[in-house]
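Residue numbers (our numbering), protein chains in the order written: chain A, 1 to 194; chain B, 1 to 162.
Keep in mind the hints are simulated off the structure, nothing from the lab.
In this text the structure is predicted, and so the values were computed from the model without any measurement.
The beta carbon of each residue, even a glycine, is placed where N, CA and C say it ideally should be.
Incorrect hints may have been included.
If you want the footprint, here are the derived chain A segments under chain B, 3+ residues with CB under 8 Å [what the hints assert, rightly or not]:
| hint | segment |
| --- | --- |
| 1 | 65–76 |
| 2 | 123–133 |
| 3 | 136–146 |
| 4 | 161–171 |
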Amino acid sequence: MPIPLGVLAVAGAGGGAATSAFELLETQTLSGTQASITFSNLNTNYGSTYQHLQLRLVTRTSRTDADSDPILIRFNSDSGNNYARHGLRAGFGSLSSVGSTAQSAIFLTENSAVNKNASNIFTPIVADLLNPFEDRQKTVRAISGLLASGWYGTELWSGNWANTSAITTITLLPLIGANFVAGCRFSLYGTRIT
Amino acid sequence: MPTPTYDKIATQTVSGSATNITFSSIPGTYRDLILVCQGITSTTTQAWIRFNNDSSNIYNFTNASAIAAGTYSAFVLATQFRFANRVEFSASERVIAIIQILDYAQTDKHKVVLSRTSRNDGSELQTSRYESTSAISSILIDQEVSASFSDGSVFTLYGLVS
């Protein structure tokens, strides 16, 4: 039985390479700007081997009119209003929740934008995609945070894609900014079925 | 081609008691570090980590905490990152904390940390930004008061390849 992914379960993973159930699949690191990031052919390449996927991201975008810029995730190039998203936000001395249905993407986090933030301020995101290749609707959960000049927050997001198709493509993109900037890192990991 | 990814770097198990725990000479060959702490202390106390023996006032963090007394959130700038902030270590209830340090060896970024700390009566999520571009080569785990980690407390450091 695979170990559930993510921050809730990393204590159960580990060990040497010979017994590894959690494996790096792909990484993209930007040396320049890029409008979006795509991981493709996922079901073909990984569907028979991996039960869950995890994205580990370090991001910053080119938005210039604010301190933060949400990061979005979509599946199989679907930009229809087929997603629901809910978030718990902690920052500025308070906790709040937000949520909505019939959205065109799932939020993963508020993210560092270039406006007032020093060039070395990036945002960490760890997002788990549970059962991405099975014939049920897809769910995502993500923890993230941004500690920048004008935004202080820790966030827990979850989302649903109302589609039972196996995930073949993951697309990540900024909500407002035109691009991810140099230095961003996007890593995709998988937890083996057996 | 998938790559074996999740390596245990070191484990420290407290025998008797320990005033603090240090992981040093951390190799820079991984992309992320994951520190898993399970333990109790001699008295109730917050617990914190510090990188590279750096006690500068450059550790930013925010918490989302839920304990019996209510929910809390705050932004703090301090000389260490208190990963057990509202959910404190205690002499009776074991705390589990999972601390993820992303891009810890990248010298073009401040170091960013995501953590989750849990006890039987509370849980908290935190984010921290350590305002340094230096690669992290050591981690000190310590407490706010004159306490010690008790017998059987376990601290394990993992490395993730990318």
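We went through each hint and held it up to the structure:
1. 65–76: violated (count 0)
2. 123–133: holds (count 3)
3. 136–146: holds (count 4)
4. 161–171: Three-residue rule not met by the segment 161–171 of chain A, so violated; n is 0.
In this structure, the hints that do not hold are numbers 1 and 4, in rising order.
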